[in-house]
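Line by line, the protein sequences give chains A and B. Residue 1 is where the first sequence starts when you use my numbering, and the numbers rise one by one after that. Residue 1 is where the second sequence starts when you use my numbering, and the numbers rise one by one after that.
Note that these hints are calculated values from the structure, not bench results. By construction, the Cβ of each residue, glycine as well, lies at the ideal position given by its N, Cα and C atoms. Worth double-checking, as some hints may not be accurate.
Said to hold, decoys possible - Some chain B residues near chain A, calculated using beta-carbon distances under 10 Å:
hint : residue
1    : Glu20
2    : Leu22
3    : Asp75
4    : Asp154
5    : Gly167
6    : Ser273
7    : Cys277
8    : Gly281
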Amino acid sequence: MKVGIKAIEGNSSLRFNKTDIDNLVEKIGSQLGAVDEVIDWGERYEGVVIVRVISCVKHENADNLNVCLVDDGGIAKNVERNPEGYVQVVCGAPNVREGILVAWIPPGVSVPNTFGSEDVFVIGAKELRGVMSNGMLASPSELYLSDDHSGLLEFDEDINGTTPKPGDYFAKAIGMDEIIIDIENKMFTHRPDCFGILGVAREISGIMGKAFESPSWYLETPSFEKIQKLPLSVSVETPGLVPRFMAVVMDNVQMADSPLWMQAQLRRIGIRSINNVVDVTNYVMYITGQPLHAYDYDKVAKLSSKGAEIIVRHPRANEKLQLLNGKTIVPRTDAVVIASSNESIGLGGVMGGGTTEVDKNTTRIIIEVASFDMYNIRKTSMHHGLFTDAVTRFSKGQSVHQNDRVLSYAIAQMMIFANGTLASSVVDVKNDLKPNPKIILTPEFVNERLGIDLGIDAMEKLLGNVEFIVSKDKGQLHVTAPFWRTDIAMKEDVVEEIGRLHGFDKLPLTLPEKSILPTIPNSMLNIKSTIRDSLCRFGANEILSYSFVHGALMQQVGQDPTKAFSLSNALSPNLQYYRLTLTPSLLEKIHSNAKAGYDEFAIFELGKGHSLENSDDGSGVPEEFEKLAFVYSAQTKAVSKNSGEAYFKASYFLQALLTNLRINYALEAVKNTEAPFDPKRSATILEKKTGQVIGTIGEYTLKTLKGLKLSKLTAGFELDLQVLLKHAQQNVNYEVLSKYPKISQDISLKVTGATTYQMIASVIDETVASINQDTKTQTTVQPLDIFMNEEGDKHTTFRLIFSSLQRTLTTEEVSGFLDRIDEQLTKKLGAIRI
Amino acid sequence: MSYTIKDIAVAAEELKKQFETLEDKKAIRRSPTFRELFSKIKTAEPDKRAQFGAEVNKLKNEVEAWLSELESDNDDRAPIDVTAPFPTNSNPTTRFSLLPTQKGSIHPLMKELETVLGIFARMGFATIESREIDDDYHMFGALNFPEGHPARDDYDTFMTTQKDKKGKQFIAPAHTSTMQNRVLRQFASNLVNDEPIAVVIPGRVFRNEDLDARHEHTFYQLEGVYVGKAVTAGNLIATLKVFLQEYYQQELEVKTQPFYFPFTEPSFEFALSCPFCKKQGCNVCSQTGWIELLGCGMIHPNVLKEAGIDPTIYTGFAWGGGIDRLVMMKYDIEDIRHFESGKLEFLRQFS
């Protein structure tokens, strides 16, 4: 909302010096809403002067140019003058002639419509076809008033009661020496009244601690004349979306440009001047925050079966509507259109229609002051991409109690600026208009919530300053918000109002008091933190990637998108599905990093997966699976030849991580690991004791590798954090240190190629466990080597380190242990000790 | 697969035969059988044409499936024993090796979040993580958003095609406030024991917003709620100020600007004096000396009521702010998109 200082002054008893502005801006920021920027319009017009054309003769060498002498009252410095003190300017405008008052841009002054742009154009003194021209005479376009550059802007009238004279500064003469404070619109989401000057001026009075008095035309309920000259009928078929619709007909309207000061005022707030009728509707909107619309009565009547008929309704199927901006739309089904009996003539509350636009031949108009459902307006605006000043205001929900006052004021302005006369009674179609409620509260209620100590009288004054109706009764405040406020419904709203008007920055800052009871820890966050630290220590890099993935990525890695939640309004197909698991997102990040020159790296992410198969966690919302995904990838050239498959690299990370988390696990080959893991090259990770599935480790399917351009040396794992959390042990299983020497012996076994390591290891583990138990021995088992010969036989070597807790073991005893192990392996797996 | 159009069924048989005999299997894509089929699309009866086209496509996909099946059969990767601790015939010196520690890194957002949560933990706040998918009730209804409120339409908020039991679309939360109701309910017993509810809620949030250097559709927020007896707006500002001074390890000035949120009343935008230039004006604060950091306010009585807390006895405050912004300011990061890029070039700077 752009607010001019003069406009505030003109609508309140407030007066400001230029030096007050910084203070005011700060105060607005802390008590009304954030200020976007402060624009000094005077700067744009610095040096532009009003002059009288003293003489005007044809240029000898150019048909379209005139040589003028102008009188600037001697105000411009450093400019060439004739003996009489006049300045010579060459001008090509068709309307230049002796005697007129115009705006002159002297040499050295920048052209206002280039001010602030990338190429500011500074006028000079130069010869035009051999004749010296000092500066230029300006058109409305060059003066940044309108797009009109067909001729000079002429001052042939009073401007707000005074006649400009040569030597007056242009900006001052038309009120452009104004400072505009642009307050962010989002601050006023709930304050429709602050989209009008009256509302903002009132608030500023309030925060300055001064009582504001609305003009009487705004406070008093107007009465309208009963006139039946030109027939007008209004019917509202969508009362739920249009709580009030007022309209009136005016006759004898004389179309013209609006007065310069009004054009200038609209310009400063970013509204283009069109003609007096349209400008008056916009001007009244600027004062009150209530959008209005003017129709050409005769055009509406021509499209009606009898008189002028206005029907407010939803659009008919495929109905077309030509808008003021020249575009034709098919309004969305739920939009509200304004229609005549024949066709729709406006998109209600958003934009008027082209077929009933007022133009230079208009003599009769209909003025509409209506109210529309704010959410419906927004939806229509978004749907059609139409963002108008009316939408900005209607989408905040203007008070339905001000329509009559606004209409009355608009009629008066039309009479002044377009010479109109009333030609119909006012039509007022309204629903039940509820008044604001009376709210009763104690000063303590307010003070307790703000942490201050204001008296009841101080509160009464703060609220009274912005025209709340307040009375005191038995120590309580009885508060009714004025009719233009739509945001005061309960006690807390009054607290807000008092706090803001008093100044939130004045609140004493005291910390809340709390006992020293410890807060509950969040074990999931803690385990994530441990995982992060561990993997970082292992040289891996934590990444974050989007929770949404492309359906094509899912298919590429073998996942089924129909199992995933999907967005109905995704920004792009890249972000259409909630990811089932994190691994695909990580795999997608591998190639670009490899290409960027990272030959060997590992990345991981802690995040969530969702699936349609688990669409209810018991409380009605989808289950969220906390996951850890890890991927290692290397270019073949980057690793030594005998280091083996990537699977094992991932496995080293898994082992290190789960050791850190003190989780005992086993790897199990299964037939159906989930995509993108390759079932032939992956394993399920099980918690050893319970057999609960922790996750999957492995290499990926060839299709995945190909599709995502991954090196064959890529592998990783994805774990379920809930299961990890369940089994992660806080305590170390400490073993007493043996006082006796350790004896170590190796055992090598030959098995068939089909015998897995796990099969051998579990036989050894079982046997060792029983040895330990029988003989009070501690045993460590270390795999040393796995070797496969050309015949396909596998040789596996283990080192076993024994120590007794009771005595020194003899070599014979240890050999006996190995024999027990050998015996079991031979029996169960046909292993041959070598 | 079966085809309803006879020409295509015949062609499928034909292609299968060709595929079995072909030396270079990929040549099947160029088979004249395909060419004939394509030319038949044009001459098919107009009302059958669409179906004809669809079935030709289906056949093409089937042939592609044969090819990719063949490729996986062609897996030349040596079989592995997935239960082994290291590879067969491997060099012992390469076993169990990880990557150099100094190359490892924690994501800067996560690192910062841990720092921030650490401060709040010291201040007595418990931590509950937010959700990435939620229902309309928690995201809007429980937070006093009226029906029809703009945030409830899909111009601002991502929604799923799937619906909850009430027939409303699930939502990708646009703010961590989606957890307020749950947290208030979870900790309501505190109030009974005369202990305030003090919780911070970190989480990933989503906005239907086009990407650029300053805007992400996915980012991290931290929500805070504090409810107890006689909790005031002054408490709110003081709490945030104390946190920020601890975070930035310096004295700061703070200020509020009135704002509007449906779930707080009064609502504020909260700004702090720029900790990077001591209010002298710098690039971080756009030369203003102030940084607008978060939104906050006194929890709306309807929100408390909805969580079963009596707003005539208890009051509270809540706030929410972005973590991404804190990190961007701290390191002067120029593009928010780096965070979710997975670029090692970016991530390893935080090793």
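Hint validation: glycine 167 (chain B) versus chain A, beta carbon distance must be below 10 Å. Holds or violated? 12 Å, violated
Restraint check, 10 Å cut-off on beta carbons, for aspartate 75 (chain B) near chain A: 6 Å, holds
Hint check, aspartate 154 (chain B) versus chain A [nearest Cβ-Cβ separation less than 10 Å]: This hint holds: aspartate 154 (chain B) lies near chain A, its Cβ roughly 4 Å from the closest one there, short of 10 Å.
Just to be careful: measuring from the Cβ of leucine 22 (chain B) to every Cβ in chain A, is the smallest value less than 10 Å? With a closest approach of 21 Å, the leucine 22 (chain B) hint is violated.
Does the CB of cysteine 277 (chain B) sit less than 10 Å away from some CB of chain A? Not OK, violated: cysteine 277 (chain B) not within 10 Å of chain A, min 19 Å.
Should the interface hint for glutamate 20 (chain B) be scored as holding, given a Cβ-Cβ cut-off of 10 Å against chain A? At about 22 Å, which exceeds the 10 Å cut-off, the nearest Cβ of chain A leaves the hint on glutamate 20 (chain B) violated.
Taking 10 Å as the limit, does the beta-carbon of glycine 281 (chain B) come near enough to a beta-carbon in chain A? The hint is violated - glycine 281 (chain B) has no Cβ within 10 Å of chain A, the shortest such distance being about 15 Å.
Under 10 Å is the threshold here; is the Cβ of serine 273 (chain B) close enough to any Cβ of chain A for the hint to stand? 13 Å, violated
Violated hints for the displayed structure, listed by number in ascending order: 1, 2, 5, 6, 7 and 8.
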